[in-house]
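Model the full assembly from the supplied sequences, consistent with the hints where possible.
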Amino acid sequence: MGFLSNLFGGNKEDKALREAMAHIHRILDDEKFQLELVHPAMKSMLESAPAYDKDPDGTGPFGYTETNPIPVNGPIGQLAYLSRLETQSGQRILFHRIGAIDTVDVFEAVSFNGSEWFILFVDLYHPRRSRLTPDGFRFTNEVAQFSGFHKFCENFPYDFIEKKASQRESGLSMAYIAISKVSDQIQNRVFNRPLAHKAKLELVKSRLSSVQTQ
Amino acid sequence: MAIAICFKCGTAKRGALVACSSCLTVPRTQNDLALSLALSDHLSSKEQLAEYTQELRSGASASVPFQDIIQANDALKDPQLLAMLGAQNQPLTPTPAPSIPTTQQPPPLPPTAPHRVAPPPLPSRSEPRLVTTALHQSAFAILGVTTRDNRKHIVELAEEKSLELDHDICQKARSDLTNPRTRLGAEIAWLPGVSPRKATQLVENLLNDPMALREESGLPTLAHLNLLAAAFEAVDGNHDADDLAGFIIESAHLAEDLTPEEVLRDINEDRAVSGFPEVRALDQIEAELAERKRYYRGAIKDALNRLPPMTLVQVMTEAVDGVTSGGEDHAPGLIDDLVDSYEEETQGVLQNEAENVHKLIKVAREHAGSGEAAVKPYVDKLDAVARNWDKIAQPIQLSSKARGIDHEASRDLAYEIRSLAIDLFNQHDMITQSQRLTGLIQELFSEVPDVADRVEEDADALANIFQQRKQASARRDDWAREITYQAEIGMVFKDKLSISAHGVSWKGQNFPLDAITRVRWGGIRSQYGTTYTIAFGNRSSEAVVELKRQDIYSTFIDKLWRAVCVRLLTDMLEALRDGRDLHFGDALVHDDGITLVKRKFLGTEKVRCLWGQTHIWNADGSFYIGAKDDKKTYAGISYIHGANTHILEQAIRMAFKKPGMRRLSDVLQ
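Those protein sequences? They're chains A and B, same order as listed.
11 is the number of the first residue of the first sequence in the working numbering; add one for each residue after it.
382 is the number of the first residue of the second sequence in the working numbering; add one for each residue after it.
Derived BS3-like pairs (lysine-lysine); straight-line CA-CA distance at most 25 angstroms:
| # | chain 1 | residue 1 | chain 2 | residue 2 |
| --- | --- | --- | --- | --- |
| 1 | A | 215 | B | 389 |
| 2 | B | 579 | B | 674 |
| 3 | B | 888 | B | 940 |
| 4 | B | 1013 | B | 981 |
| 5 | A | 215 | B | 458 |
| 6 | B | 674 | B | 553 |
| 7 | B | 427 | A | 215 |
| 8 | A | 161 | A | 42 |
| 9 | B | 979 | B | 1012 |
Beta-carbon label-pair distances, calculated as ranges:
| # | chain 1 | residue 1 | chain 2 | residue 2 | range |
| --- | --- | --- | --- | --- | --- |
| 10 | B | 428 | A | 188 | 35 to 45 angstroms |
| 11 | B | 748 | A | 188 | 25 to 35 angstroms |
| 12 | A | 193 | B | 740 | 18 to 28 angstroms |
| 13 | A | 100 | B | 617 | 39 to 49 angstroms |
These are calculated hints, taken from the structure and not from any lab test.
The C-beta atom is built at its ideal place from N, Cα and C for all residues, glycine as well.
Structure representation (C-alpha cells):
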C-alpha cells in the first residue's frame, strides 16, 4: 500500500475488503437488513408480528420447549441469534434445524468442544431477535459469525465443512466461522451424543409436524 | 430413529420411549422408561435385542445388565427429557418444567415432575401373587405325581395328562422321573422329605401367598429352600427393600444348613416306597446340590434385577451388612456368591465413577495454586461422586472385610483421594479442604481396614495441627491486645504516640514492629522535673519521643518490651551464637565474653574477658560491665543514648542466672 493510497483512503483492494467486511457485519448484526433478505411476503408478516424478548404467555423454560420458544427475525435471524450464544464455560455452539412443531422450529446444537448437547426451540415469526438467552447460555463477546444452518445436516456436525461450502451460492458462506475453529474437533470425532440427548431427539422427532430434509 | 423393542411384548418399535404399535404400551414409570432405553440400540447390540425379544416373548423378563439400567436412569435425570416425557404422556397444557437442560451434568430430579407416576404403596408380604413358578415346571408338578409313586403309576399319569397337556411335555416329564440319571435332579428340585399331601398344599400356597412360606417350620431344609427360591419369583420392583434383604438373609442361612446326608436320607426314604433304586454315592447328591445352589443364586439375582437400581444397591447393602454384622463375621456362601456376581455387574459403573473421581482430583490439583476458593467446587463434586461410588461399592466392601481382605478398587480410590488431601495441606496449606477429604475417606471407606487405620492417623494429625493453629491464633490475638496502647503527648500541641500489632507510631511516622532494630529509653532528672526519652527506629531513621508523664512512659515501655524488645533479645542472642560480635559503646560483645577497655596512665588497652571474669552494675544512667579483678577495666553504655543497652543488660542478667554459664546464647536453650 503506497503513501498516496494512504492519503486518499486506501487502494481498490482495501476498499473492496472493507465493503465485504461491512456487508458481513450487516448480515450478522443488522436486524433490519436480515429482514431484507427474506421474501417480501414473509417480511411483512414478520414485521407485523409482536416484537418481544420472550412470549409473555410462554410456559416452560425459555428456549427449551415449544411452549416458550426464542423469538427471532426470520431464518437469518435464527442463524444470527444462535450463533451469538455461548455456554457458561465460554463455548459457542454448532447447530442445525431438525424440523418444526407447528410454527416453532426445532434445532439440535452442540458446543464447539462436543461436551454439551442441546435441543432448542425457536420462533422465527418476529421482527427482531430476543435479547434474552436460555438458561445456561449468554451472548458471546466474539464476532458472532454463523456457526450453524437453518436446514437439516445428515451427519451433524461432521458435515459442517461441506455445508458451509454449500452456502457459497447464497453468499452467506463468508459470514460463517472459520473452519479452523472446529476442524480439530471434527477430525478427532469428539461429537458423541449422550444417551439423554438421543432420547430427547427421538421424542422430539416423533412430534415434528414437519421434518426438515436436505 | 433408534431401533428398540417394547418392554412389555418384545415387538420392535422405532424409538425407545415411544408407544408400541403392537400392544400400544407407552413406558411411563421410571422402571419402564429405564428398561425401554436399555432395550434399544442406544445401549444394546442387535444380537442382545434379539435375545431380549425372545425372552420377552416367552414370558420371561429381559436379562438387561444392571449397568445399562444405571446408565438409563442417569439419562432420565435430564430435566428437558422429563419435560418432554411429561408432554408426551399428557395433553399439552402449560405445566412448569425444570430448567437447565444441558446433558453433560444434569441436576437432581425436580420434586414435582408431572409425568412421573406415583409409586404404588409398599406391598405387604401377602400381596405378591404368582401365576406359575419354576417349581410348577417340575416333572412332579406337571404330571401330578408324588415322590412315592412307582414307575407304573407315573407312566399311567403321564398318559392321562397327555390328553390335556402338550404330549411332548408329558413324555419328557415321564422320562425325567423314570430315568435313573435324570430322576435325582427332579427329586432334588422338588420337595424331598415332604409328604405328598403337604407338598401339594405347599405348592398351591406358593401361588396364593408366596411370602407366607418363609414362616413355614418343620420342613426339610432342601424342600424349604426350593419353595423360597420359587417365592423369589414373586418379588417385583416395588418390593420393600428391608423385607427383601431379610428374605435373602433367611435363605442364605438356610442354605448353610443344607447337608448332603440329610438330602440322601430323605430321597432314599421316598425311593424305598416308590421302588426306585436307592442312591448310594453321596457325591451324586453333592453335585446336584451344587447345581441347586447356582439356581438359588440365579433366583435371587433375578429378583434383584427387577428392582430399581438404587433399591437393588440398598437391598444388597442391607443383606450383606446384616449377615456379616458390618463386615465382622463371615457371610454364608450364598451371600458371597451374590456379591461376586454383583461385583461383576457393577464393575463398569464403578470404573466410570472412579474415572470421574480421578478427573476431579486432577482438576483440583491444577487449581490448587489459585487458592481454596478455586479448589472448593471440585472438592464438593468429588464428595458427591465419591459418595455415589461408595454407595454402589458398599456391599462389596462389607463382603471383602468379612472375608478378611480389602476391596482393591475401594482401597485404590481412597488412597487417590488421600493423596490429594495430603498435597492440599503439605503444598498449599489448605487444612480445611484437607480435613474435609480426610473425613470423607474415613466415613466412606471405614469398611476397608487398611485405609481406615492409615486415614485415622491422618485425621488425628490434621486435628492436632488445626488445634495448634487455633491456639496460636488465639495467642496472637491476645498478644495483639496486650501490646496495643496510645497516648497523646504535649501540653498545648498534642502528638499521638501509639503502639499496636501494626507498628509503633509517633507524629504520623509509623515503624512496623518487625522493622524496628534499635530502641533506647531513659529519664533525666532536673530541677524542672524528669524528662523521659524513648527512641525507636532502624539503621536509616529513628523517632525520638520526649515526655514528662511517667505513667505514659512506663506503660509504653512495657508494651514496647513485649512487642519489640523480646524479638530484639532473641535476635541478639542468635547473632552471638552464630559467631557475630556486637558493638556497644567502647565494648565489643562476644558470645563467650566481652572485650573491655583498660584505662592506663597513658592511653587505653583492649582486654578480652570471659563472662565468668566480669560483673555488671548500673549508675548515672548507664549500664556498666567490668572485669572482676581490675577496676580499671570496664565499659559503660548509656541507657538513653546507647541503642539496645536495655536489651544487652537483660541478656547478660538472664545468662548470669544460669549456673555454669559460659555463653550468652545459652539463654536460648
